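Participant: Residue-level listing of the chains:
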Amino acid sequence: MKTAKEILEILQKKFPEIEFSLVEDEPSDQIIFTDALKIHEICEFLRDGEGLKFDTLMNLSGVDDANGEKQTNDDGSETIVGGTLSVYYNLDSIELNHKTTLQVSTSRESPKVESVNLIWRAADWHEREAYDMLGIKFLNHPDLRRILMPYDWEEGSYPLRKDYKDPEFYQGMKVPY
Amino acid sequence: MRQYLKNTWEGIWTIIIGMKITFKHLFVPSVTIQYPDQKVPLPERVRNRLYVNMDDCIGCDQCARACPVNCIDIETVKSTPGENLGQTSNGKKKALWVTKFDIDIAKCCYCQLCVFPCPTDCIYMTDVYEFSEFKRNELIYNFSTMQPGEVEEKKDNFEKFQAEKEAQKAAAAKAKAEAAAKAKAEKEKDEKSKNNNSKSSSNDVS
Amino acid sequence: MYESLVEITGLEIFAAFVSAAMPVAFLVPFVIIAVYLERKVSAHMQDRLGPMRVGYHGLLQTIADFFKLIQKEDIVAEGIDKKFFNFAPFLVFAGSYAVYAALPFSSKYIGSETDLGIFYIIAISGLVVAGILMAGWTSNNKYSLYGAMRSAAQIISYEIPTALVILSIIMWTGTMSLATMSEMQTAYFWNWNILGGPEWGITKFVLIPFLLVAFIILYVSTLAEVNRTPFDMPEAESELVAGYHTEYSGMKFAMFFLAEYGNMFAVSAIVSVIFFGGYQSPFGYLGNTLGIEWLVPFEQVFWFAAKGIFFVFVQMWLRWTLPRVRVDQLMTICWKYLIPYSFVNLLVIGIITLL
Amino acid sequence: MALKTEELVLNMGPQHPSTHGVLRLEVQLEGELVTKVTPHLGYLHRCFEKHAEAMTYPQVIPYTDRMDYLASMYNNFGYVIGVEKMLGIQVPERVEYIRIIMGELQRIASHMVALGTYGLDIGAFTPFLYLFRDREKILTLFEITCGARLLYNYMWVGGLSHDLHPDFERLTREFISYFRPNIDELNNLLTYNKIFVERTANIGVLPKETAINYGITGPNLRASGLKYDLRRNDPYSIYDRFDFEIPVGEGLVGTVGDCWDRFYVRVLEMEQSLKIVEQALNQLPEGDINEALPKRVKPPKGSIYQRVENPKGELGYFIISDGTVNPFRVKVRAPSFVNLAILNELSKGHLVADIIAILGSLDIVLGEIDR
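So the sequences go chain by chain: A, B, C and D.
Going by this note's numbering, the first residue of the first sequence is number 891, and it counts up by one from there.
Going by this note's numbering, the first residue of the second sequence is number 374, and it counts up by one from there.
Going by this note's numbering, the first residue of the third sequence is number 125, and it counts up by one from there.
Going by this note's numbering, the first residue of the fourth sequence is number 9, and it counts up by one from there.
Calculated directly from the structure, the hints in this document are not laboratory data.
Keep in mind the model is a prediction, meaning the values are calculated, not measured.
Be aware that one or more of the hints could be misleading.
Said to hold, decoys possible - As a list, the in silico SDA-like pairs of lysine to any residue whose alpha-carbon atoms are at most 25 Å apart:
#1 C:K266 to D:T46
#2 A:K960 to D:A62
#3 D:K58 to A:N963
#4 B:K379 to C:L442
#5 B:K393 to D:R188
#6 B:K379 to D:T263
#7 B:K393 to D:I191
#8 D:K356 to A:D1033
#9 D:K58 to A:L912
#10 A:K960 to D:K309
#11 B:K397 to C:G182
#12 B:K465 to B:T453
#13 B:K397 to C:Y343
#14 D:K309 to A:D925
The task is simple: from the sequences and hints, build the whole structure.
Facilitator: Okay, here's the thing in structure tokens:
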């Protein structure tokens, strides 16, 4: 059993060049915030490191933080410019029975996060879902396609973004029926 | 070789056991029933078609707000003070004409979330579960008891009342303004006169 | 029947037609009853009611279904070989119907009293394979193709244990004619082949266990030949949707259906002829006791049908009890289990017969 | 000269008798041997996560019902305890017990469907209907309690929609004594049947390490021989008060972690669930169930990951609140979604018929995969 603080200390010792910080909100578990482009190295260490042994990825969720600037378009809809998209990793160690949460953020305009697919195969479909829903590109993912939405869904249209607008037509069918 | 014979024996033996079980079930009375002729008695808490008892509805819109699929559509018109809308069965006084109370039962997800917030228990789920229709529009139930003409009348009434009220208000405001102006004028006048008086007095004095 | 008709009328063609049409008069009502029975048996085994609406307890359901099938649109998908696609169901039905020519329904009626009856049946049922392959291949559907391929492999493989068991019985009884075989097992059930045949003696009791094994082998392999569960690989609905008849609809589908049920009865009848005395009554004949001669053939038809339907019932019973085997296990059962057992059985029965 | 052969691509689904809903599998075949299976999802996508962002917290509950529609109670369970944790609500004892009774009954009902349809996939039709007959009895128990048979909306944040029906306890006890012998009947009819064993033993063997790496949870993981159950390893609600075993796969007829083990673990779990229900009924306290119902569900800013042991595996809700009445983000970690990802790995080198066996043994529900 290790708390987030202890894990953070271990990580800081191991990766002095990467920035870490602890997100503390009232009801939630403590979250370790780190760098999106180094996440695979960190995760690999978390999986294999002595005393950590996070052997499974419980959940990976992409979130639109909606912290950018809101701009109102001509037709009254809103577009968010700037700000970040986040990915949360909920890790679990079956062997040592402890859990932790990691968070990384990436820019909204060109969201790029390193894939952890090769570390936990469980991440495969979760990452595809995050790509599908929020458009987060997972670098080095072997098969980054849409998963829940149709393959021919409009390029650049990601439903779970807060400023998402329904397309008017999909394959000649009116969408808001 | 032993494994071979064992496999053969197990194959035949487990098949015989299975056949024994199914044969026994040939004589077990069936658990299904002939549905439209026979029906399963429904328990009392059963959740099926929504029903609204309009006599008790006060038009508070709480059910519509609780609905996760927005299938309830309520429009209300305020009553004028002279009108008596009666009381609900649990003694609440009605204050709104419910001009529209539509439930699109095709959208309804039977979650019962609308039933609990109702202050007068007038919306509830009944045990009617056979209400298919050929047209989708027929699944939109209009519960409001008011005739279109009546609705118009009430709307007019309210508008008139509103207008009257406005007028009254305006009149009142005007009166007030006038009064205020008057008061002000008077005050000014007073002051003036006072001043004058004082002046005069001063003059007088001087 | 054919010979007697020729004698009476002198018209060979007429005699041939009449005796060929006789089984139809039996087959169609049988299929109607069997389909009803299948649904009712399955329903009651599963604590359900089954069809209840059409007629008393759904008795007329099958007839209603038959009319429904006639009315259905005959869908012919694009990109299929129409000629063979249309021909395949008839070929399958012809294959299964031809078997009826050699079945002795009673001592007075047999379509064709050929001496090679049993081998004729084994040979002619191979025609079904051609029909199924044709249906599967011309459907231009991957599921149909898989179903047809599996079916062909299955039916051909399972003919070997069937033939071996029948061989051992032929060796012992010394006849290939089904009529003669039934005749030998004269009335009363202790004369049936499964109980060692009509001749009393030590061999009768020695043979019983081996004949029982032979019966099981024959029953299992005929089950596989008619593609019934647990060997319904070609139709395996959870894998291949409906196998070789996926693309068929309406009357053509009904032909496959008819052929399947016709086959079911045919193999049950063969089993009953070989082991259970065919048309012979187990308790002697009412006609003989009462002295009414003409009643006997009708009683025989009744017993023949009753035995056949009983084995059809067992097929259904198995179907609603067992899961389906996998395609390679199907072959394992055939080549590694049934064939060695039937060879041993053949040897033992041969030796006993010789002694 | 070598014979020219080519791979056959077989499309299974979206309309196929044994893909358990609208799943499309693109199967590459070498003869009857499978070389690759690609699942295509999304035919049942109903935008749960997007919907949830527009709803208030209590309004999300009916939507959770519709994810794993065979285990609606448990979906409610996971969501409400997640939100309760955010709000810091302690629910009354009676509510906890009732939730566990309902959850475990739901587990039995869900496993019944899993086992029944598995039999159906293998070709045995009859056990399927026997199990559905018994499942109806559980659904009736739910119906007398909350009025619905499939989508309950029964567990609320801070309480329950209804208290138990006065007859509930008696009927549940009757059900338990009625159902116990039926498990044996199922075993005799199907589980130990030679054909069934041959079809499932040594098929789709899932080693423990692979299972963990793929994030497989629930009965599928336990069948691989790992004693891991969130009810024990990360106890939520009051599961730590009950005495029950965690059945694991032992490879009785084949290898540990094969399809038969996955099937048998579920059979054993049903017995354990009956045991839990019995204990909970014995300890059921009296009390008011609506004590802790909050007037307004408005959690403070923050996030939570709440996981529960759904009949299919680990059901997780990752809820982010921005301090308003609507959740900012609800991400569901659906057990079937993660479990299905391993299908390709398991089916390589097996026959077409085995894909069906493997897919059935993973016990997926498309409502949950596509959400």
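Participant: Does each hint fit the structure? Answer for all of them.
Facilitator: We went through each hint and held it up to the structure:
1. Straight-line distance between C-alpha atoms of K266 (chain C) and T46 (chain D) comes to about 18 Å, which keeps the hinted pair within the 25 Å bound.
2. Between K960 (chain A) and A62 (chain D) the alpha-carbon distance is near 18 Å, which keeps this suggested pair within the 25 Å criterion.
3. With a C-alpha separation of about 22 Å, the suggested pair K58 (chain D) and N963 (chain A) falls inside the 25 Å cut-off, and the hint holds.
4. Pair hint K379 (chain B) plus L442 (chain C) holds up; C-alpha atoms about 21 Å apart against a cutoff of 25 Å.
5. Restraint check for K393 (chain B) and R188 (chain D): the C-alpha separation of about 19 Å stays at or below 25 Å, so the hint holds.
6. Only pairs whose Cα atoms come within 25 Å are accepted, and K379 (chain B) paired with T263 (chain D) is accepted, the gap being roughly 19 Å.
7. Simply put, K393 (chain B) and I191 (chain D) have alpha-carbon atoms about 16 Å apart, close enough for the 25 Å limit, and the pair holds.
8. Taking the CA atoms of K356 (chain D) and D1033 (chain A), the gap is near 18 Å; set against the 25 Å cutoff, the hint holds.
9. Using a Cα cut-off of 25 Å, the hinted pair K58 (chain D) and L912 (chain A) is violated, with the two alpha carbons roughly 28 Å apart.
10. For the suggested pair K960 (chain A) and K309 (chain D), the alpha carbons sit about 21 Å apart, so the restraint of at most 25 Å is met.
11. With a C-alpha separation of about 23 Å, the suggested pair K397 (chain B) and G182 (chain C) falls inside the 25 Å cut-off, and the hint holds.
12. Proximity of K465 (chain B) to T453 (chain B) is assessed by CA-CA distance (about 17 Å); at most 25 Å being required, the pair is judged to hold.
13. Restraint check: the Cα-Cα separation between K397 (chain B) and Y343 (chain C) comes to about 23 Å, which is no more than 25 Å; the hinted pair holds.
14. Taken as a hint, the K309 (chain D) and D925 (chain A) pair is honoured in the structure, with Cα atoms around 23 Å apart against an allowance of 25 Å.
The structure fails hint 9 only (numbered hints given earlier).
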